[in-house]
Every structure is written in C-alpha cells, then in structure tokens.
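*Asks:* All chains should be built: construct the whole structure from the sequences, respecting the hints.
2 protein chains.
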Amino acid sequence: MGQERTYKRRPIGVFDSGVGGLTVVRALRAVLPGEDIIYLGDTARVPYGSKSPRTVERYSLTCQQFLLDRGVKLVLIACNTVSATALPALSAASPVPVIGAVEPGASRALAATHNDHIGVIGTLATVRSTAYVKAIGAHNPRGRVTAVACPLLVPLAEEGWTDDDIARLIARRYLASLFDADPQIDTLVLGCTHYPLLREVITHVAQELAHHPVSVVDSATAMAEAAGEALGSGANRRSEAGRLDCFATDTSRLDELAPRFLGEPLTGFELVDL
Amino acid sequence: MGQERTYKRRPIGVFDSGVGGLTVVRALRAVLPGEDIIYLGDTARVPYGSKSPRTVERYSLTCQQFLLDRGVKLVLIACNTVSATALPALSAASPVPVIGAVEPGASRALAATHNDHIGVIGTLATVRSTAYVKAIGAHNPRGRVTAVACPLLVPLAEEGWTDDDIARLIARRYLASLFDADPQIDTLVLGCTHYPLLREVITHVAQELAHHPVSVVDSATAMAEAAGEALGSGANRRSEAGRLDCFATDTSRLDELAPRFLGEPLTGFELVDL
Chain A
1 MGQERTYKRR
11 PIGVFDSGVG
21 GLTVVRALRA
31 VLPGEDIIYL
41 GDTARVPYGS
51 KSPRTVERYS
61 LTCQQFLLDR
71 GVKLVLIACN
81 TVSATALPAL
91 SAASPVPVIG
101 AVEPGASRAL
111 AATHNDHIGV
121 IGTLATVRST
131 AYVKAIGAHN
141 PRGRVTAVAC
151 PLLVPLAEEG
161 WTDDDIARLI
171 ARRYLASLFD
181 ADPQIDTLVL
191 GCTHYPLLRE
201 VITHVAQELA
211 HHPVSVVDSA
221 TAMAEAAGEA
231 LGSGANRRSE
241 AGRLDCFATD
251 TSRLDELAPR
261 FLGEPLTGFE
271 LVDL
Chain B
1 MGQERTYKRR
11 PIGVFDSGVG
21 GLTVVRALRA
31 VLPGEDIIYL
41 GDTARVPYGS
51 KSPRTVERYS
61 LTCQQFLLDR
71 GVKLVLIACN
81 TVSATALPAL
91 SAASPVPVIG
101 AVEPGASRAL
111 AATHNDHIGV
121 IGTLATVRST
131 AYVKAIGAHN
141 PRGRVTAVAC
151 PLLVPLAEEG
161 WTDDDIARLI
171 ARRYLASLFD
181 ADPQIDTLVL
191 GCTHYPLLRE
201 VITHVAQELA
211 HHPVSVVDSA
221 TAMAEAAGEA
231 LGSGANRRSE
241 AGRLDCFATD
251 TSRLDELAPR
261 FLGEPLTGFE
271 LVDL
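Residue numbers (my numbering), protein chains in the order written: chain A, 1 to 274; chain B, 1 to 274.
Keep in mind that the hints were calculated from the coordinates and are not lab data. Check each hint, because a few of them may be wrong.
For chains that are exact copies, the list does not tell them apart, and a pair is met inside one copy or across any two.
What the hints assert, rightly or not - Here are the simulated EDC-like pairs of lysine to aspartate or glutamate, each with C-alpha atoms no more than 16 Å apart in a straight line:
# : residue 1 : residue 2
1 : Lys51     : Asp273
2 : Lys8      : Glu240
3 : Lys51     : Asp250
*Replies:* Here you go:
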C-alpha cells in the first residue's frame, strides 16, 4: 500500500529533441492533471531528423537516462524521429514503461476510421521513416495510409502564425496533395508534436477539401491517453495540480516558444548539459 | 609562367552546411564561367545554425581541409553561420584566400545605399550573430542596419514555392516588419544562401512596401564578384566552361533540391564521409 502510494507520486518523464514536445505535456496536464511531470528538450542538438539512426539512438538514450535518474514512473517520447528510430533500444534500457509518439496516434486513427483510409502529415523525416504506415499496417493490414511531408508547418507553428491567410494557404496546399492522392481519407493523423498548434486550421481545411467528415487525431492527445491507460491504478488522480519541471540543453528562444506550445505561462527552463 | 598557368587551372572550392550554397556556385559560374569548381555540402550535419560555435568551427575546418586536399586556389564559405563563427579560424588554417558569406554582401550594400539605411534578412542564427551589423559598422559607423529573421523562407525555397501567393504573403509579412522598423531602408541584403531563389518576389514586395527604389544585394552574387577580385589575374578566363564536382556527406533529397539551387541539371553528388 505504502509502495503503491509512492509509485503513484512519482513523476512522468517526457522528452523531445526540442520544444514541440510541450504539446504532449499540455495534453498530459489535461488528461492527468494530478501528475507531476519532468520535461527535457534537447534543444542544443535539435533537430534529430537530419541525424543518423545511431546518433539519434545515442542522444535519446542520454535523454531517457536523465529522466530515469529523476525517478520517473513512465517515459513519453514526444519526438516522432526518436520513436521511429530508437523505441526498441529505449524500451530495452528502461525499467519503466516507454510510450512512443507513433503507436498511440496509429491506434486512435484505426479506432476513428470507418473506411480504413487514413492520412498522415508529418516532417520529412517522419514520412520517410514510414513509421505510421508500419504501425497501422501491423494492426490492420487493410489500412490504407497516405502520408505527406509538410516542411513549412514547423516554422509556421514556431512563428505563431497559426490562424491567418498564410496558415490557411499552406495547409490547403499540403492537404490538397493528400486528398488528391486518396480522396476517401476519413481520418487524419497530426504526426508531429508541433502540429496541435495548427489543429484548427488543418481541421477546417481538411473538411473543406474532403467534402465529408474527417476525424483529426492529434498524436499528443493520443499519447496522453495512452499514458493514462499504461498507468491504470498507478495514475495520480489527486485533486491538486501536479508540478511541471522543465529542462533544456540550450535555452535560447525558449521564453518565446515554450508558452506557445505549452498553452500556459512557464516558470522557466533549467539548463542542463547532457 | 608555367607556375602561374598551373595556379590559374586550379579549382575554386565552395562549401556549405547544406545544399543552399549551390546558389553561390550558380553565381560563380555566371561571373567566372571558365573556373573549375569543387562543391562540398555537409548535408549529414546540416543545419549548423543550432550548433555551438566550437562544433561549427570543428566541422567547417574539416570541410575546408577536404577542399584544400583537392588543391583549390580559393575557398568560399557559402554559409552565413560558418562565416559569422569560424572565418578567423578557417583563414588561419588555409594557405589560400578564404572568402566568407557576410563581408562581400556588406561591402556591396554599402556601395549601393544612398542614405546608409540597410536592411538585412537571414536565418535566426545569422540575425542573432549580428554579423552584418558588425561588418557594415566596421566600414561605415553611420550605417544603420535593421535585420529581421525569416525562418519560413528556407523551407519555402526548398519546397520550390518561390513565385505564388504563399511566397508573396510570407515575404510581405517579414518585409513589413523590416520597413516598419526603418521606413528609409534603400538597400536590402539577402543574407542567406537560400534566398536568391526568392529574389524576384522579395524585390517586388520590397518595392511595394518602401514606396521608393530598393537595391537588392544578393550575398551569393557578391561572393562570386569578390572571388573574381581576389583571384585577379589568377582567374581562369578561358572560353570553355569549367567543370563542377559536387560532394555531400548525405545524399538524400539532393536529386530534388540541388538543381533548384544550382539552376541547371546536375550530374550528381559523390558521397563522402568526413
């Protein structure tokens, strides 16, 4: 009983190559508000997408160890590149459960689709990895996945230009190529931690282009829900709000960017050298 | 005489963290068509802008040595981040002249301006480095430099969306903040190797916003002209076209991107491990 209570009180660890993973923290705080969270952004070495798999694995093992050293009861990999590349190595190295960014979104997409036609948008690295195609195919071999890389969406989200004519035109250009490739898509996965900031414009444009209802699955929310399921009775469901401690390997521009992704003010990042 | 001819025949070396430096090659081939050129893109480790100065220096010394080992008579650093960070170290380590990306554009801007009001657009890393402010200030302490970071322009150029409504709206948003900060700007420096692809739309929007003529200085062309000046009588002014040999540390996506930046078809990149 005492041990169980101690377990419940341990924090959840979240790491990302950068600041985008704060959308996962935001979703976690909505789904599991009582949990303490430790966030680590490897902002000095962002982006991971252009690095070799060996380097991505090495960096992400260091990130995960930083969280494990702080006693986390669960690790969330809020980075599609790491999830697609290093999840087996990270799971093998962790005594606590590890949740990647791809599997939860893929599962939710399969639960949402009525016709097995699923669209995925993400970074070039994520689309190239075919991680979503594999994850969806593993559950449902009939699932038809069409993926489009959207390189402009990350800087768009970082600039905070999320609800204007530029955002609409860019979303329309990318989603048009998605629905051209498969007009029957009824479920769209936002396969990048930055995209929840653009959820509204993406949803709106997708409905316009599809001429039928489109479910939008946000991988950040899917990860938070998967965390709740993984913890089960080990989730801290106390009424007071959990604390959030943020760490980063480089703090430049964080004051501007972090609140945008977290959706609330931030007390600050502690600089760490990994 | 024999030695001079040998010197003339040696190639010019150009390196960049990625593929954008091919705009400098393109300008070189226009200004000095007879020169042989060796290009190296460190595409495996791009972008340098988010790396520490020590790492940037270390990587760029390796790139330069690769070119020196191939007997180049001149080195062009087609990367603003490297130029702003590592030019002294690169010059000290090179037996041949080294031309950075900042100084030539700064000189041309000072020659073009009539009122000493100069605007600079570049990446976040370039603007943060204040390299153009320092270079222009060193020549003319009365020069007033206003710099704006334009993070969306690099992915825009890479997507090839260079002449449409999206390009115009994004250029207008960034340049509006530049001319709001200093409405008297009469000279605009394109301080990033990617931007020559957007030269037309940027020039058009700048004229619209300024309500007076604006000279646009493209740092790639400025570098090519500086190369001609540095070589003097050592330039190879033969009538036949020089050869171009391209090397890269990662070749993914190069077939798509390289011709866009070079402005001509490409026989291919040789993969090298630095």
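*Asks:* Now look at each hint and say whether the structure bears it out.
*Replies:* Each hint, compared with the structure:
1. Taking the closest pair of Cα atoms, Lys51 and Asp273 come within 16 Å of each other only across two copies (14 Å); inside a single copy the shortest separation is 19 Å, beyond that limit.
2. For the identical chains of this complex, Lys8 and Glu240 are intra-copy neighbours only, at 14 Å inside a copy versus 76 Å across copies, given an alpha-carbon limit of 16 Å.
3. For the homomeric pair Lys51 and Asp250, the shortest alpha-carbon distance between copies (10 Å) is at most 16 Å, but the shortest distance inside one copy (18 Å) is not.
In summary, the structure agrees with every hint in the numbered list given earlier.
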